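Q: Sequence:
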Amino acid sequence: MEQDKYDVIVVGGGNAALCAALSAREQGARVLVLERAPESERGGNSSYTDGKMRFAYDGAEDIIALAPDLTPDEIASSDFGVYTENEFFDDMARITQHRTDPDLCEILVRNSNATVRWMKDNGVRFMPNFGRQAYRVNGRFKFWGGAPIVVWGGGVGLIDALYKSAEKKGIEIVYDAWVQDLVHSDAGVSGVVVRVKGASRRITAGAVILACGGFEANTEWRTRYLGRGWDLAKVRGTKYNTGCGLEMALRIGAQPFGHWSGCHAVGWERYATDFGDLAVTPNFQRHSYTFAIMVNAEGRRFLDEGADLRSFTYAKYGHLILDQPGQFAWQIYDSKVTHLLLDEYRTKQVTKVKANTLEELVEKLDDVDPVQCLKTIREFNEAVRNDAPFDPNEKDGRGTVGLPIPKSNWAQTIDTPPFEAYAITCGVTFTFGGLKITNEGQVVNTNHEPIPGLFAAGEMVGGIFYFNYPGASGLTSGAVFGRLAGRNAGRSAKLQHAA
Numbered sequence: 000m001e002q003d004k005y006d007v008i009v010v011g012g013g014n015a016a017l018c019a020a021l022s023a024r025e026q027g028a029r030v031l032v033l034e035r036a037p038e039s040e041r042g043g044n045s046s047y048t049d050g051k052m053r054f055a056y057d058g059a060e061d062i063i064a065l066a067p068d069l070t071p072d073e074i075a076s077s078d079f080g081v082y083t084e085n086e087f088f089d090d091m092a093r094i095t096q097h098r099t100d101p102d103l104c105e106i107l108v109r110n111s112n113a114t115v116r117w118m119k120d121n122g123v124r125f126m127p128n129f130g131r132q133a134y135r136v137n138g139r140f141k142f143w144g145g146a147p148i149v150v151w152g153g154g155v156g157l158i159d160a161l162y163k164s165a166e167k168k169g170i171e172i173v174y175d176a177w178v179q180d181l182v183h184s185d186a187g188v189s190g191v192v193v194r195v196k197g198a199s200r201r202i203t204a205g206a207v208i209l210a211c212g213g214f215e216a217n218t219e220w221r222t223r224y225l226g227r228g229w230d231l232a233k234v235r236g237t238k239y240n241t242g243c244g245l246e247m248a249l250r251i252g253a254q255p256f257g258h259w260s261g262c263h264a265v266g267w268e269r270y271a272t273d274f275g276d277l278a279v280t281p282n283f284q285r286h287s288y289t290f291a292i293m294v295n296a297e298g299r300r301f302l303d304e305g306a307d308l309r310s311f312t313y314a315k316y317g318h319l320i321l322d323q324p325g326q327f328a329w330q331i332y333d334s335k336v337t338h339l340l341l342d343e344y345r346t347k348q349v350t351k352v353k354a355n356t357l358e359e360l361v362e363k364l365d366d367v368d369p370v371q372c373l374k375t376i377r378e379f380n381e382a383v384r385n386d387a388p389f390d391p392n393e394k395d396g397r398g399t400v401g402l403p404i405p406k407s408n409w410a411q412t413i414d415t416p417p418f419e420a421y422a423i424t425c426g427v428t429f430t431f432g433g434l435k436i437t438n439e440g441q442v443v444n445t446n447h448e449p450i451p452g453l454f455a456a457g458e459m460v461g462g463i464f465y466f467n468y469p470g471a472s473g474l475t476s477g478a479v480f481g482r483l484a485g486r487n488a489g490r491s492a493k494l495q496h497a498a
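Be aware that the sequence shown starts at 0, since it is given in numbering that gives the first Met the number 0, and climbs by one per residue.
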């Protein structure tokens with residue numbers, strides 16, 4: 000650190016933090032980024048994402064503007080569709096059971112397109128998400144779920160691009176910088192206490208932006224707020240998101256807000272590492288379950304695998320898996336659909352069994368009742384309706400009848416060998432509870448007053464997601480609210496500097 004006073008200090012080093020830093024810098028602010036992780040692990044949870052982003056767009060022109068490297072053939076063979084602001088609003092309302100904060104939701108949706116374009120201007124490269132968000136049917140890709148684009152290089156590519164832009168624009172970055180307290184008085188927040196390489200230091204600033212994640216990597220907090228059994232969940236992302244920023248803010252009277260007992264949690268490799276590992280973590284995803292049935296240790300199905308498009312169910316199904324005996328399940332496929340499995344199913348980091356008969360398959364499923372499992376598969380096969388064609392790109396209405404737990408779409412009999420099954424558990428991504436902010440990104444205290452000099456962005460913003468999450472909206476939310484907090488923190492700090 001070159002000095003002890005800055006206009007804006009950003010606590011955190013992921014997507015939201017870097018967007019906040021870049022936005023504050025645009026206001027002419029002197030900006031310092033304090034990243035708790037070492038440089039090799041920088042980027043928070045953002046580094047562990049696929050890099051997908053949900054945003055409102057009017058058609059192919061918006062996609063082409065973000066991905067200028069598209070060839071004419073790629074454009075001609077792609078149906079990008081549209082995803083209007085109204086559709087985005089509807090998805091946010093439906094998925095959160097109408098609890099999403101109206102003001103925050105409006106900020107997210109109405110700024111999504113402009114923010115993605117702003118990220119492109121800051122060096123982030125995008126491409127259509129072929130294969131993961133669109134299957135080729137009759138020679139044509141049809142995009143679904145409102146998330147047609149992905150960052151080149153995934154989460155790591157996103158973080159590298161943002162850091163490169165930040166460094167180019169003169170933003171100072173310090174790694175291994177663990178912020179442990181806020182400098183606070185009746186006048187508001189005026190700096191931080193940070194421990195760098197074992198030594199604590201006080202740094203002052205006109206404004207502080209907290210963008211250092213939720214508490215998903217804190218075993219005790221997960222159990223305290225999410226409930227019994229959540230200490231057993233795997234952590235998909237960084238081990239540094241332990242709730243320190245939340246704790247610091249709450250200590251000075253910040254108002255907790257949002258769904259503190261809720262989180263984003265998915266089906267995850269049963270024997271994955273306890274925390275994210277950038278070398279292997281992307282291979283732990285198991286998101287092709289819409290084409291499978293899932294069974295628990297009792298050999299029974301326990302959820303509707305085809306309730307909706309994957310983007311709208313995967314972030315809540317981890318909860319249901321964690322609730323099963325032994326906190327695991329198996330996904331079962333036959334050869335009619337194995338060509339649709341995502342790439343991570345074909346890596347070394349899988350717990351997989353394969354068999355040429357169903358009788359052989361159920362005997363290979365570790366810790367599962369084989370008799371009941373075989374009965375479950377046969378009952379499922381008898382219940383499959385054949386009156387609608389199978390279509391992986393949309394809710395095809397091909398369901399089951401007469402089962403206690405239906406499969407509403409993409410139901411096909413499991414009868415064509417070879418059969419494959421994959422063992423999964425619960426992987427927690429990020430927590431939904433956070434801080435209450437104003438529409439300008441400023442943190443509010445428990446007396447319902449803005450705290451001067453304190454802003455928040457990213458996972459630390461409460462009130463956006465409840466119960467579930469529309470896929471690919473996390474990075475968008477981080478970028479939108481990071482940009483918002485940075486802009487207003489920068490303006491606030493510059494005004495103080497001028498005074």
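Don't read these hints as lab results, they were simulated from the structure. Fair warning: this is a prediction, and the values are worked out from it, not measured in the lab. A couple of the hints might just be wrong.
Claimed, not checked - List of simulated lysine to any residue pairs, SDA-like, C-alpha gap at most 20 Å: (1) K351 to V336; (2) K347 to L357; (3) K493 to E439; (4) K353 to K374; (5) K335 to E439.
Unchecked claim - Per label pair, the in silico range of CB-to-CB distance: (6) A92 to D68: 32 to 42 Å; (7) D390 to T356: 22 to 32 Å; (8) D395 to R227: 30 to 40 Å; (9) Q96 to S407: 14 to 24 Å.
The beta-carbon is built from N, C-alpha and C at its ideal position, and this holds for glycine as well.
Q: Between D395 and R227, does the beta-carbon spacing fit 30 to 40 Å?
A: For D395 and R227 the Cβ distance comes to about 38 Å; the hint holds.
Q: Between Q96 and S407, does the C-beta distance stay in 14 to 24 Å?
A: Since Q96 and S407 have Cβ atoms about 18 Å apart, the given range 14 to 24 Å holds.
Q: K335 and E439 were given as a pair; does the straight-line alpha-carbon distance stay at or below 20 Å?
A: violated (51 Å)
Q: For the pair D390 and T356, does the Cβ-Cβ distance stay inside 22 to 32 Å?
A: holds (29 Å)
Q: Just to be sure I understand the hint, the distance between the Cβ atoms of A92 and D68 should be within 32 to 42 Å; is that true here?
A: Holds, since A92 and D68 (Cβ atoms, about 35 Å apart) stay within the stated range.
Q: Within a Cα-Cα threshold of 20 Å, do K493 and E439 meet the stated pairing?
A: holds (16 Å)
Q: Starting from K353, check that the Cα of K374 is at most 20 Å away, please.
A: holds (19 Å)
Q: Quickly compare the C-alpha distance for K351 and V336 to 20 Å and report which way the hint goes.
A: Given that 20 Å is the threshold and the Cα spacing comes to 16 Å, the pair holds.
Q: For the pair supplied as a hint, K347 and L357, confirm whether the alpha-carbon distance does not exceed 20 Å.
A: violated (24 Å)
Of the hints listed earlier, those the structure fails to meet are numbers 2 and 5, in rising order.
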